[in-house]
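Numbering (my numbering), first residue to last: 4 to 266.
The hints are simulated quantities; they were obtained by calculation from the structure and are not laboratory data.
Where hints are given, some of them may not hold.
[Stated by the list, open to error] Straight-line distance between alpha carbons at most 25 Å, and here's what the computed SDA-like set of lysine to any residue pairs gives:
1) Lys-185 / Ser-264
2) Lys-251 / Thr-266
3) Lys-89 / Val-150
4) Lys-48 / Glu-236
[Stated by the list, open to error] Distance ranges between label pairs, derived from CB positions:
5) Lys-175 / Pro-128: 27 to 35 Å
6) His-257 / Glu-29: 17 to 25 Å
7) Lys-251 / Glu-75: 43 to 51 Å
Yeah, the Cβ is synthetic: ideal placement off N, Cα and C, and Gly gets one too.
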Amino acid sequence: MKELSLDEIKTIALNITETIHNFCIEKGVIYSVAYGTMLGAIRHKGYIPWDDDIDLVMPRRDYDIFIRTFNEYNTRYKVLSFEEDKKYPYVFAKVIDTETLLEEDVQDCYTLGVFVDIFPLDKYPNKAHRIWFQSLILLQRVISGKVAKFTPTKQSFLRNLIHLGVKTIPVKRIVLQNLFIKLIKRFNKREELPYRDLSQPRFKCVYPKDSFNNVELVPFENFHFLILSNSDEILTKIYGDYNKLPPKEKRISHHSFRAYSRT
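Based on the sequences and whatever the hints tell you, model everything.
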């Protein structure tokens with residue numbers, strides 16, 4: 004197999020996203036570019052130069068439709084989700100290119116290809132339910148610990164001990180993931196509540212309830228993808244002065260993987 008360059012990985016991710024976009028337009032599924040991809044679209048009209056992935060978000064209702072039906076739309080790109088495959092180790096979806104293979108440093112329990120991440124947005128009751136939210140954080144950390152490779156040489160003794168303890172907790176990851184997803188859906192009938200990406204509780208951005216009423220096309224490299232019309236508000240919440248570039252020492256990719264072409 005041929006190892007793929009960073010530029011080749013970026014091109015594949017763009018092609019995946021174009022297919023996702025076309026599917027969503029055809030089926031009436033709402034999505035938006037998110038996080039570093041949203042920032043890249045506004046500040047760079049494409050990828051952040053030192054970034055190498057694409058993130059999308061969908062309201063839970065649209066996310067559920069997407070993960071159930073996207074694989075009927077094409078053969079090359081495949082959506083992976085815990086809801087459709089209990090062996091899948093994450094609580095958010097990935098759309099992969101099945102003609103590629105990914106080797107990750109962080110996990111080796113599930114075979115992936117070059118991917119685009121899709122995060123579901125659920126209803127969030129702000130600070131009124133602290134115990135519920137702290138339970139989410141704890142569960143997410145335990146699930147991540149069970150998925151992640153155990154690499155003792157790269158961590159402190161205490162972190163090694165905690166990670167090993169999480170690995171040996173006598174509860175299957177599937178049970179924890181089922182509980183986690185049940186918890187994050189708890190408030191989804193409350194239409195008056197805002198949205199939040201609860202699949203990753205560390206992402207602190209809260210989206211106003213009507214955020215997905217207005218989306219628009221935004222240039223991204225040689226394509227156009229959908230973005231929330233209130234992207235300035237969202238980016239300011241996440242990054243502050245988002246037009247200001249970070250120091251040079253922080254302009255690095257945080258992903259550690261190698262990708263290969265299967266063909």
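Hints, verified against the model:
no. : hint                          : result
1   : Lys-185 / Ser-264             : violated (37 Å)
2   : Lys-251 / Thr-266             : violated (37 Å)
3   : Lys-89 / Val-150              : holds (13 Å)
4   : Lys-48 / Glu-236              : holds (18 Å)
5   : Lys-175 / Pro-128: 27 to 35 Å : holds (29 Å)
6   : His-257 / Glu-29: 17 to 25 Å  : violated (33 Å)
7   : Lys-251 / Glu-75: 43 to 51 Å  : holds (46 Å)
The structure fails hints 1, 2, 6 (numbered hints given earlier, in ascending order).
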